[in-house]
Amino acid sequence: MKRAIYFVLAVAAAWACAPAPAAAQTGSLFIHDATVMTATHGTLDHTSILVRDGKIVAIGERLTAPAGVPVLDGAGKYVIPGIIDEHSHTMIDGGVNEGAPSVSAMAHIKDVLNPHDINLYRQLAGGVTIIHVLHGSANPIGGLDAVVRLKWGQPIANMLYPDAPQGIKMALGENPKRSNRFPGETGPQRYPATRQGVENVLFTAFTRAREYQHRWADYRAAVARGEHPMPPRDNLDLDPLVQILEGKILIHAHSYRNDEMLMLLDLADHFGFKIRTFEHGLEGYKIWPEIKAHDVGVSTFADMWEYKNEASEAIAYAPALLAKKGVRVAVNSDSDERARRLYQEAAKAVHYGGATEQQALDMITLNPAWMLGIDRTTGSIDVGKDADFAIFNGHPFAPASHVEMTIVDGIVYFDRAKDLASRHDAPWYERNYKGGRGFFGALTAEGSDE
Amino acid sequence: MRLARLLGYFVLASGLAALPAAAECPAGAFAIRGARVITVSGPTLPSATVVICQGVITAVGADVTAPPEAEVLDGHGLTVYPGLIDAYSQDGLPPAARPARPMPAAQPGGPQPLPPLDAIPVNSYRNYLDPPPGGVTPARRAADLIRPLGALAAVRATGITTALSAPLGGVLVGRAALIELRGPTAGDMIVNPDAGLVVELRPERGFGGGYPSSVMGAVAVFRQAFLDARRYQESEAIYRQAGERGLPRPVYDRQIVSLLPALNGQEPVIFIANDQDAILRALAAAAEFHLTPIIAGGAEAWKQTAALAAAHAPVLATLQFKPADADSLGPDERKKEEDENASNPAALAKAGIPFALTSQGLTAKDDFFAQVRDAMSHGLSADDALKATTLWPARILGAEAQLGSVDAGKIADLVVATGDPFAPAAQVKYLFIDGRLIFVHPEQRPHRPGARPGARPAETEAGR
Amino acid sequence: MRRASIFLALAAALTLAAGWALAAPPAIALVHGRIVRVSAPAIPDGTVLIENGKIAAVGARVAVPGGARVIDVRGLSVYPGLLDANTTLGIQLVPEGEPGTMDTQEVGDFNPAEQAGVAVNPWNEIIPTVRTNGITDALTAMRGGIIAGQASLIQLAGWTSDQMSIRRGAALWVNFPPRQGGGGRGAFARLLSGQGPPSAEEREREYRRRLDALRDYFDRARLYAGAQRTPEDGNVELDAMIPYVTGKLPVVFVVNRVDDIRAAIQFGESEHLHYVLAGAKDAWLALGLIKQHNVPIIYGPLTALPNSENDPYDVVYSTPAALWKNGAPFCIASGSATDSRNLPQNAALAEAYGLPAEEALKAVTLYPAQILGVADQLGSIDAGKRADLFVATGDPLDLRTEIKYLFIGGEQVPLVDKGTELFHKFMARPDKISY
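Chains as they are written, first to last, in the working numbering: chain L, 6 to 455; chain D, 9 to 472; chain E, 3 to 437.
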């Protein structure tokens with residue numbers, strides 16, 4: 006892992022344009038003559054991209070590299086927008102869930118982000134540039150989330166996506182209901198144990214939040230009048246709920262069954278707020294008209310099913326169906342392992358249900374960007390947007406394809422060629438391979454271990 | 009006649025000659041004569057005399073003479089240095105009373121009695137919204153719990169005279185006290201009863217253990233408590249301004265009130281944090297409320313020296329060099345990590361981060377010296393090792409005026425030993441705490457006027 | 003009299019004809035397709051003739067018998083069905099069902115007599131979802147304990163589980179005791195009783211105990227196999243062990259870490275078993291030993307994280323290429339039931355990280371057949387082999403490919419499953435909100 010940090014910093018030093026490489030946050034570069042899948046205006050052949058200080062400034066066939074800007078040869082390569090994993094629990098320290106209360110809106114993922122998690126590097130190697138780090142699904146209302154750019158080697162402060170809207174996690178169905186009793190625990194179970202109870206928790210929480218909101222409004226009005234009233238208590242778990250009522254926080258609701266999703270839409274309508282995404286939303290395909298009418302996104306699995314009772318009617322055809330019906334759908338990972346091959350997961354939508362390749366690409370780029378409220382600045386290859394790219398050696402959906410380079414903010418954070426080269430130097434390899442043979446080198450009968 | 013005048017001159021001269029010695033000491037005078045004195049604050053004196061009176065060092069120097077009423081100890085061939093300070097321990101505290109994990113109830117056959125009605129129904133929002141957090145005990149003071157336990161005798165025999173004693177358990181753990189490892193009463197021990205607020209941003213138990221059950225939850229508990237403290241202070245001010253009438257009076261919560269000195273920067277906050285992300289998290293939490301952070305543990309502090317320097321945060325460094333996940337590592341990996349951890353003190357010294365060497369994380373205090381030697385074999389100089397167990401902890405804990413070096417005016421916590429402070433073969437011959445001769449090595453016969461052979465000095469206290 | 007005999011003759015002929023028609027389904031000829039044989043170069047424009055459940059003939063020019071059903075597959079490619087050599091297909095449903103609903107794990111550590119195929123439900127909902135990706139056969143095995151049971155080779159279609167069975171006792175499935183311990187019923191019991199994780203000494207002791215128990219079991223089985231027995235001495239469990247302990251059928255050791263790979267190889271050698279390793283994620287660290295003993299590896303799944311933080315990021319994907327270069331037999335398997343449908347994706351990952359395309363296809367067709375000793379029946383399009391094959395718009399390892407026809411045991415299997423049904427149902431839902 007340290008080795009990876011050193012090589013990445015070395016790479017950043019080589020490619021970044023700024024005079025102080027270690028401090029550079031944005032880079033400039035020129036990708037020459039590649040196949041560019043823009044996500045917003047189709048696939049462009051033999052196209053070049055000019056990046057300055059982390060932003061795309063030009064896209065076109067007849068561009069030339071300005072002096073001093075490093076050039077990446079794109080011949081035969083495919084460039085897609087950096088992949089956005091809309092549902093991740095990577096880089097969380099000390100527990101994905103604050104599961105003791107039923108409402109844990111006071112917990113904030115931002116407090117426990119660990120930038121040294123090796124899975125960040127592994128996901129960069131799979132073309133991911135942005136991850137949406139979520140609280141777990143142990144309670145009906147969970148904690149606040151974070152949107153992180155995979156600037157491997159940088160401190161956390163430099164990795165948070167600037168000005169990304171704040172989001173919060175909610176969870177319906179089996180997960181919150183069964184997170185209420187643990188081995189060795191005595192005493193009453195945590196409430197709720199039924200879907201009806203989940204609804205009650207939400208209803209009560211937002212009712213209390215309304216009262217709290219009024220208390221603070223009264224206090225502020227009194228202060229404005231020049232009075233000196235006692236300040237009400239600042240409740241960290243009610244503050245985000247008030248912000249939800251005021252429409253300032255995006256809601257990402259873990260949900261499986263069609264009826265629980267409709268319940269949440271009802272409840273949100275009653276309190277006057279919107280749901281941004283159904284996370285997983287595996288039965289969302291059954292209620293696509295309602296989802297479309299409420300402008301909710303569905304961030305789901307490509308083909309996972311039958312691993313829980315509530316997943317027994319999940320189908321691999323759901324992403325294609327939703328896309329065809331005009332619902333914004335993203336394919337996410339919810340797994341360090343799956344996050345490395347999201348481009349394959351998206352391709353499955355072509356196979357299951359006949360989504361177009363464009364629709365499939367949107368599921369890991371533009372649509373998750375919208376779900377996170379950052380689609381004006383990222384999620385596609387357009388002039389003015391962030392220079393976040395994944396560069397493949399072939400069409401991302403083809404079997405022989407892998408990621409060669411991943412660029413965030415105009416800086417190369419993953420370079421497969423350099424990763425392979427670094428393996429020959431690492432003393433660790435000498436422990437396992439005699440005679441200085443490389444990992445893909447020829448092997449003799451002497452063997453590589455013993 | 010001329011003889012009388014000569015005698016008079018002689019008496020005057022000897023009186024004058026006696027002047028460099030201390031003024032007459034009413035009680036408890038000692039002098040250690042002719043020893044090598046490592047002052048720590050200045051150069052080492054190859055042969056000097058140290059005079060103690062009423063618990064305080066009154067003179068140090070090559071040309072200092074012992075006052076006549078002092079009990080004189082022959083320091084030839086011996087080394088004097090300040091009593092060592094263990095700046096993070098649980099010394100003097102009774103074993104932490106932590107509730108055992110409840111076992112699942114047995115399931116006998118036959119009809120079960122009806123369970124009692126819940127005091128508050130489980131589906132009441134009071135049970136799931138704004139739950140009362142566990143681990144909020146900042147009002148718990150080590151100073152109130154300290155006892156002069158028998159175990160302290162063994163510690164003192166090694167040369168440790170002083171310790172920061174901190175309670176364990178919880179998020180807002182309690183208040184640490186700076187104590188001398190002596191008796192006979194607890195009151196005799198306290199140097200500073202409120203030496204720092206101890207915080208650990210971790211849940212006591214994991215998932216299923218009550219709120220908080222995650223690090224996020226612990227951070228939220230910390231944040232909410234300090235917000236409540238701030239609000240209490242504000243409310244108190246408003247109430248007073250209103251003449252304590254016409255407004256509901258602020259609710260007194262002794263845990264919240266005990267956070268005020270830390271909130272107002274009058275007391276440092278000691279964050280227990282070992283891995284680098286925990287350290288960063290602690291510094292961020294301190295910055296949020298403008299607290300004065302000290303890091304206790306800091307096993308990976310060497311990875312974050314820039315952040316520590318920027319926050320002016322000293323480190324009470326752990327001497328536990330075994331990696332936390334040792335069992336799951338291969339032997340090569342484990343050795344490599346142990347070497348890294350053992351190099352932490354040297355790295356901190358090199359980076360100029362103020363630090364102390366402490367027994368944080370050690371299961372047995374006996375290992376203290378072996379671990380210091382391990383740090384020294386990984387690059388920590390002998391000089392820095394001694395400073396990190398004397399002057400630097402005194403400075404970090406705000407007790408530099410009183411402790412940490414052999415200087416006139418400071419508390420007489422002194423070690424008199426046969427060799428260098430951390431040499432394996434060196435033996436402590438005499439130990440002074442608060443100017444009292446607490447420990448004498450059984451083989452030693454001190455040179456004292458009128459001493460009976462084999463008698464122990466009257467003021468040896470073994471914490472009985 | 004003549005009319006009666008004519009009538010009789012006609013009736014006889016008709017009966018014969020009808021009987022003959024009922025006795026055997028008509029032959030099927032796939033014509034003008036690109037035939038990807040796997041065992042030989044592809045035929046760009048060829049024919050596959052299917053008769054009596056087998057591949058009767060394959061070639062550029064094949065005589066098609068009259069009465070055969072001819073399917074023109076021009077523009078499409080014909081492939082042998084994929085074989086997933088490590089799954090729980092047919093015996094697995096929702097893993098967290100009520101106690102008693104699960105058939106993947108028996109109590110106790112030594113269950114050699116339990117054959118997975120005994121409990122295969124032909125109407126298991128997962129099987130059709132796997133078929134639609136071209137997987138036609140699978141080795142389904144129980145989990146849990148040390149000797150989990152016998153794995154059964156099944157075809158993924160049939161009216162009864164007997165019809166699906168190709169070989170009921172195809173391999174002995176053994177979870178080789180892991181050195182680093184952990185997992186299983188013991189660990190969860192510790193969690194419930196509030197004890198901490200075991201110390202290194204405890205783990206080592208438990209490991210030795212389990213390894214010795216396994217060795218004892220095999221030794222006892224060998225003694226039993228060699229002894230003269232009366233019917234009263236018969237022992238069902240040890241009877242089941244005979245073909246495995248005498249080396250007639252393969253023993254599969256499920257292993258992960260390199261220590262366990264080495265220990266399993268040593269065990270297999272010292273017990274003189276015909277053994278195979280499954281899982282074997284650390285195989286890249288023991289290539290020499292694997293080559294030295296020519297150990298077959300059922301590798302996979304590739305959809306897994308590297309074992310150690312310091313492992314190269316792509317080591318799980320690139321190990322099949324290293325195994326192929328190493329020379330000992332290997333194949334790729336999914337290790338799962340619901341994820342068995344992603345067997346092509348696993349092979350595609352291997353291809354993306356160094357395994358040549360033809361080898362990647364072989365790794366899920368011919369190679370698993372060879373390792374399981376059924377290459378005479380499965381794994382390629384060759385005359386005489388079972389007619390388990392499919393017709394696709396392109397490379398089955400390409401996730402965008404569509405499969406048009408699927409044949410198992412020579413019969414066409416419709417490409418519908420729970421997913422396709424729900425898909426069509428809800429595509430047809432009108433765009434009108436309903437509440």
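Since the hints were derived computationally from the structure, they do not count as laboratory data. Backbone N, C-alpha and C fix where the C-beta goes; we use that ideal spot for every residue, glycine too. You may find that some hints are simply not true.
[Said to hold, decoys possible] Negatives, chain L to chain D, calculated, CB over 12 Å: (1) Pro-75; (2) Gln-194; (3) Tyr-196; (4) Gly-202; (5) Ala-214; (6) Tyr-217; (7) Met-268; (8) Met-309; (9) Asp-339; (10) Glu-342.
[Stated by the list, open to error] The calculated DSS-like cross-link candidates involving lysine-lysine, where the alpha carbons are at most 30 Å apart (straight line), are: (11) Lys-313(L) - Lys-293(E); (12) Lys-182(L) - Lys-420(E); (13) Lys-56(E) - Lys-427(E); (14) Lys-330(D) - Lys-344(D); (15) Lys-293(E) - Lys-279(L); (16) Lys-82(L) - Lys-250(E); (17) Lys-329(L) - Lys-420(E); (18) Lys-329(L) - Lys-427(E); (19) Lys-343(D) - Lys-115(L); (20) Lys-330(L) - Lys-406(E); (21) Lys-327(E) - Lys-297(L); (22) Lys-82(L) - Lys-329(L); (23) Lys-279(L) - Lys-253(L); (24) Lys-434(E) - Lys-406(E); (25) Lys-423(L) - Lys-427(E); (26) Lys-427(E) - Lys-297(L); (27) Lys-420(E) - Lys-297(L); (28) Lys-250(E) - Lys-56(E); (29) Lys-423(L) - Lys-373(D); (30) Lys-434(E) - Lys-329(L); (31) Lys-427(E) - Lys-330(L); (32) Lys-390(L) - Lys-82(L); (33) Lys-330(L) - Lys-420(E); (34) Lys-423(L) - Lys-311(D); (35) Lys-279(L) - Lys-250(E); (36) Lys-373(D) - Lys-330(D); (37) Lys-56(E) - Lys-313(L); (38) Lys-293(E) - Lys-327(E); (39) Lys-330(D) - Lys-423(L); (40) Lys-358(D) - Lys-330(D).
Hint check results:
no.: 1; hint: Pro-75; verdict: 28 Å, holds
no.: 2; hint: Gln-194; verdict: 7 Å, violated
no.: 3; hint: Tyr-196; verdict: 5 Å, violated
no.: 4; hint: Gly-202; verdict: 7 Å, violated
no.: 5; hint: Ala-214; verdict: 9 Å, violated
no.: 6; hint: Tyr-217; verdict: 10 Å, violated
no.: 7; hint: Met-268; verdict: 17 Å, holds
no.: 8; hint: Met-309; verdict: 23 Å, holds
no.: 9; hint: Asp-339; verdict: 18 Å, holds
no.: 10; hint: Glu-342; verdict: 20 Å, holds
no.: 11; hint: Lys-313(L) - Lys-293(E); verdict: 41 Å, violated
no.: 12; hint: Lys-182(L) - Lys-420(E); verdict: 27 Å, holds
no.: 13; hint: Lys-56(E) - Lys-427(E); verdict: 36 Å, violated
no.: 14; hint: Lys-330(D) - Lys-344(D); verdict: 10 Å, holds
no.: 15; hint: Lys-293(E) - Lys-279(L); verdict: 60 Å, violated
no.: 16; hint: Lys-82(L) - Lys-250(E); verdict: 51 Å, violated
no.: 17; hint: Lys-329(L) - Lys-420(E); verdict: 20 Å, holds
no.: 18; hint: Lys-329(L) - Lys-427(E); verdict: 14 Å, holds
no.: 19; hint: Lys-343(D) - Lys-115(L); verdict: 33 Å, violated
no.: 20; hint: Lys-330(L) - Lys-406(E); verdict: 25 Å, holds
no.: 21; hint: Lys-327(E) - Lys-297(L); verdict: 52 Å, violated
no.: 22; hint: Lys-82(L) - Lys-329(L); verdict: 29 Å, holds
no.: 23; hint: Lys-279(L) - Lys-253(L); verdict: 10 Å, holds
no.: 24; hint: Lys-434(E) - Lys-406(E); verdict: 33 Å, violated
no.: 25; hint: Lys-423(L) - Lys-427(E); verdict: 50 Å, violated
no.: 26; hint: Lys-427(E) - Lys-297(L); verdict: 18 Å, holds
no.: 27; hint: Lys-420(E) - Lys-297(L); verdict: 24 Å, holds
no.: 28; hint: Lys-250(E) - Lys-56(E); verdict: 26 Å, holds
no.: 29; hint: Lys-423(L) - Lys-373(D); verdict: 48 Å, violated
no.: 30; hint: Lys-434(E) - Lys-329(L); verdict: 15 Å, holds
no.: 31; hint: Lys-427(E) - Lys-330(L); verdict: 14 Å, holds
no.: 32; hint: Lys-390(L) - Lys-82(L); verdict: 21 Å, holds
no.: 33; hint: Lys-330(L) - Lys-420(E); verdict: 20 Å, holds
no.: 34; hint: Lys-423(L) - Lys-311(D); verdict: 25 Å, holds
no.: 35; hint: Lys-279(L) - Lys-250(E); verdict: 65 Å, violated
no.: 36; hint: Lys-373(D) - Lys-330(D); verdict: 15 Å, holds
no.: 37; hint: Lys-56(E) - Lys-313(L); verdict: 39 Å, violated
no.: 38; hint: Lys-293(E) - Lys-327(E); verdict: 10 Å, holds
no.: 39; hint: Lys-330(D) - Lys-423(L); verdict: 34 Å, violated
no.: 40; hint: Lys-358(D) - Lys-330(D); verdict: 22 Å, holds
In summary, the structure is inconsistent with hints 2, 3, 4, 5, 6, 11, 13, 15, 16, 19, 21, 24, 25, 29, 35, 37, 39 from the numbered list given earlier, while agreeing with the others.
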